[in-house]
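**Student:** Take a look at the letters that make up each chain.
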Amino acid sequence: DAGVIQSPRHEVTEMGQEVTLRCKPISGHDYLFWYRQTMMRGLELLIYFNNNVPIDDSGMPEDRFSAKMPNASFSTLKIQPSEPRDSAVYFCASTEDSKTYEQYFGPGTRLTVT
Amino acid sequence: QKEVEQNSGPLSVPEGAIASLNCTYSDRGSQSFFWYRQYSGKSPELIMFIYSNGDKEDGRFTAQLNKASQYVSLLIRDSQPSDSATYLCAVGGYSSASKIIFGSGTRLSIRP
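If you're matching them up, the sequences are chains A and B in order. Numbering-wise (the numbering used here), the first sequence opens with residue 1 and increments by one. Numbering-wise (the numbering used here), the second sequence opens with residue 1001 and increments by one.
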């Protein structure tokens, strides 16, 4: 399996622009997670899905952030409008509904908002 | 108080020695405990998980859990330069439907 796939790997955008991050989970995994990592705040869970349904979005910073999972093999995280404080590495992770529920992380998207 | 606390380091350990990484957590209802390793510029990678009090060994790694003290540790025996990374402690609930909360990580440096 190719693992969790994220695109783009790097994104540089100007403040106020819309940003869309994409994730393809490992085939057969029931859970998908979006995280954000910064030096100041560490690794924070933004939202997670089970069988394409959002379960907990309490980590989403504000209304500028939205996430969707239209099918089992694709999810997006959208920021509109983007702000410099959104600069971070955004990770997507997936896991299957098993006892160990090991989360497999994608390579991340490094977002820079100028 | 943070939910999962770790000393940020850096922790410097000579090659071949034992590295000891510690983590405390605030939620007494936590049931699952994880250690992730993250190399600079890379994504986190699970290296150990533990659910029950006591020790769990896997190769050079030993995870220790003490629920009464709300304390988790990771021991790395015969430390190698390739163990130099940031180690993230993570704590979760009783099922895969539960959130996993990550600590801010401890940076470990193994000096040759």
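Simulated from the structure, these hints should not be mistaken for laboratory data. Be aware that one or more of the hints could be misleading.
List time: in silico DSS-like cross-link candidates among lysine-lysine, alpha-carbon distance up to 30 Å [as the list claims (entries may be wrong)]:
id : chain 1 : residue 1 : chain 2 : residue 2
1  : A       : 68        : B       : 1056
2  : B       : 1099      : B       : 1056
3  : B       : 1067      : A       : 24
4  : B       : 1042      : A       : 78
5  : A       : 68        : B       : 1042
6  : A       : 68        : A       : 24
7  : A       : 68        : A       : 78
8  : B       : 1056      : B       : 1067
9  : A       : 78        : B       : 1099
10 : A       : 78        : A       : 24
11 : B       : 1099      : B       : 1042
12 : B       : 1099      : B       : 1067
13 : B       : 1067      : A       : 78
14 : B       : 1042      : B       : 1056
Here chain B is said to cover these stretches of chain A; the calculated rule only asks that three of the stretch's residues, wherever they fall, bring their Cβ under 8 Å from a Cβ of chain B [unchecked claim]:
id : stretch
15 : 66 to 76
16 : 106 to 114
Residues of chain A placed beyond 12 Å of chain B at every Cβ, according to the derived structure [what the hints assert, rightly or not]:
id : residue
17 : 2
18 : 6
19 : 8
20 : 24
21 : 41
22 : 56
23 : 103
Even glycine gets a Cβ: it sits at the ideal position worked out from N, Cα and C.
**Student:** The structure should be examined with respect to each hint, and the outcome stated for every one.
**Tutor:** Against the structure, the hints:
| no. | hint | verdict |
| --- | --- | --- |
| 1 | 68(A) / 1056(B) | 38 Å, violated |
| 2 | 1099(B) / 1056(B) | 23 Å, holds |
| 3 | 1067(B) / 24(A) | 36 Å, violated |
| 4 | 1042(B) / 78(A) | 22 Å, holds |
| 5 | 68(A) / 1042(B) | 25 Å, holds |
| 6 | 68(A) / 24(A) | 12 Å, holds |
| 7 | 68(A) / 78(A) | 9 Å, holds |
| 8 | 1056(B) / 1067(B) | 14 Å, holds |
| 9 | 78(A) / 1099(B) | 21 Å, holds |
| 10 | 78(A) / 24(A) | 15 Å, holds |
| 11 | 1099(B) / 1042(B) | 22 Å, holds |
| 12 | 1099(B) / 1067(B) | 18 Å, holds |
| 13 | 1067(B) / 78(A) | 39 Å, violated |
| 14 | 1042(B) / 1056(B) | 26 Å, holds |
| 15 | 66 to 76 | violated (count 0) |
| 16 | 106 to 114 | holds (count 3) |
| 17 | 2 | 14 Å, holds |
| 18 | 6 | 9 Å, violated |
| 19 | 8 | 15 Å, holds |
| 20 | 24 | 15 Å, holds |
| 21 | 41 | 8 Å, violated |
| 22 | 56 | 6 Å, violated |
| 23 | 103 | 7 Å, violated |
Consistency note: the structure conflicts with the earlier hints numbered 1, 3, 13, 15, 18, 21, 22, 23.
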